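Enquirer: Those protein sequences? They're chains F and W, same order as listed.
Following our numbering, the numbering of the first sequence begins with 313 at its first residue and continues without gaps.
Following our numbering, the numbering of the second sequence begins with 1293 at its first residue and continues without gaps.
These aren't lab readings, by the way, just hints derived from the structure by calculation.
Incorrect hints may have been included.
Some chain W residues near chain F, calculated using beta-carbon distances under 10 Å [what the hints assert, rightly or not]:
hint : residue
1    : L1298
2    : G1308
3    : L1311
4    : L1323
5    : A1328
6    : A1336
7    : S1346
8    : A1351
9    : A1415
10   : A1428
11   : R1430
12   : I1431
13   : L1459
Keep in mind it's a predicted model, so treat the numbers as computed, not measured.
Note that CB positions come from ideal geometry on N, CA and C, so glycine has one too.
Here is what each chain is made of, one letter per residue.
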Amino acid sequence: MRRAADIERLIDKINVVPGAEMDQRTLGDALTAHNESRKQQRPESRPRIGRIIMKSRMTRFAAAAAVVAAVAFGTWLVNSGTTEVYGMDDVVRFVNQAETLYVKGSYFAEPGLVVGETGEPLPFDYQYDFENDRYRRTRASLDLSEGKIIETTEVFDGEYIMTIQSGKSGASVSFTRLTQFQSRLLMLTLRKSHLLGDLGQGVLAHIVDSVRVGDEDVEGTHFDIWECEYRLPHPTKEAYAKIQSWISPHTGELGKVVVWDKQDGEQWQWRQEVEQFERDAKIEDDIFATDPPVGSKLHSTKETAQTIELGGTGMSPLDETQYRLLMKIHIAFTLGDGSVIVCWRSRLATESSQAEYFQGLETGGDLPNLPLVIDALTTMPEIEGLRYIGYHLAYTKKADRYYEWSLYVPDDDPPARSAIFGYEALQTYNTIDDVDATYNNNRIYGDLAIETADEFDAWVLGAMAELSEDGIVPEGLTHEKVIRLAKELRGSVAR
Amino acid sequence: MVEDKLLMWRFKRGSGDALARIYEKYKGYLLTLASALLIDVNSAEDIVHDFFVSFAQSADRLRLDGNLRGYLATCVANRARDRIRARQRHPIGLDQASSMCSHVKGPELSAVYGEELDRLTRAIDQLPNEQWEVVALRIKGRMKFRQIAKLQNSSVKTVQSRYRYGLQKLRLILNSEVEK
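Construct the entire structure; sequences and hints are all you get.
Expert: Below, the structure is given as structure tokens:
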């Protein structure tokens, strides 16, 4: 008498193995279809209606209201009990307010840089505790010299950054120590530019301009798809990024983010994807412990950890002397009126003191006549005819280094900061020395936006104190005074 | 699981090798499942062939958040169901039953499998479609009741009942044949 189990065993015996003929036919036809469909793909072709109506603030409000109304109606129909609808603005606000964030995803390295026929995605995993100024970031990358994938983990406990790098002979560990100001600045920078997987400076400013382009149901959850495109900083090519974000209109949660990029009019290439994004989830304290893994090789310890100068070269003073002429931009700020404050230093290796350069300088007056002078700035990409003319604002001194703080005032209406990806420093050489060995980085990408007096005090004066003996800032500098000065100077330079 | 994720990632970005690997990995499973559902290897081959061609064309539109095997099984099961609805059910002949047996590994087993499978196919033919579908998806598809419920647009309890009743009925039919 057969039991149910016997019937199950009988059915389980059914096992059909495809023959060679079926394999050939099926796989052959599938691969042919696959190749054909790839030729026909137009990833960037999608309705542009959403983008066209978003050009002006007025139409943006009207369009947003229409979207909200449509989604709200849909929400009522599915009986969620709420008509609140979340969009990209809300997501950016949530990100800015989050106390912890967990971001996990993968990115695609340049095809030409990988070993093998096709590239493979490289994972990243970032955990941030903004409340306590801590993070843990693990990222895979390609070691071109060894032709293999290496993994780097950075753990920041609020004072020390422990860097763990996997390699041929095991893990190696090094430590860097940050000052309190550097720690706060680092967390601010990470929140502004690295949350969605190192997308670079200003990404949140671009992403907030996303438009809704579609929707998708994923495992029972409804998501709206938002999209933005913006130009990427590249010295020689026209490069663009496109970001698509999946946002739940009911909860404001971010489901997924996909990043594409293209150069010089080529096809969009998938570059990166955030698969998991959690806000304000509890993160265990031991994630941020900075104890070196057992058996790792220590290049430095907390006791021997170096503190890098704010925005410095990272080289020791001795190593810097290999450059006969050195110019370094340490930090920059864009004020609400479009003017720019830049902290920079320039010196010749043969100079014993620079005190003379900084004598007799006046706020709002000429720049010091240093070996190399940043006279003005242009935007990147360059806006025809627009220049930011430089004036002395203040100087600070720490150890034997002099830091010039200059105010650059646009001679015409400046663009919104989100419309450019940085500034280029226009320089004059005042030295007659041989300048073959030069350290000179003349591009500014990571400037901080300063809108309020509180932000000015926290970040501009904070940076000045950081690069000053005993943390003393120049007298009389306030946000209000600098804005007023910039206005007066603009009146004199306006075309 | 990790391999499947990586295969899907590569496939969606245009890798023919990944598509071939997916086919190699799941062809037996899908063909067996389709054969079990349709009780017809020839039709099963057609379904699996058609599915893979369609799958290959949809790389850029695919959004797969769950299990790859589950996704493939669901797609094949849906196609099998469409095929069953489209045709009139006929008891399959001995030649079709033997075509199922001919692919079974080990020639010494085919004689036994042939007889048993012949009886099984006759018994299956007397089962309501929904019941056999649940049984086949559960046993050959290795699918959970929750997944089958979603596919059949039914509750889990209903699906579990169909499974129980399906096996019960098969047992009764096969036992009565043995007694004969």
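Enquirer: Report the numbers of all earlier hints that the structure fails to satisfy, in ascending order.
Expert: none
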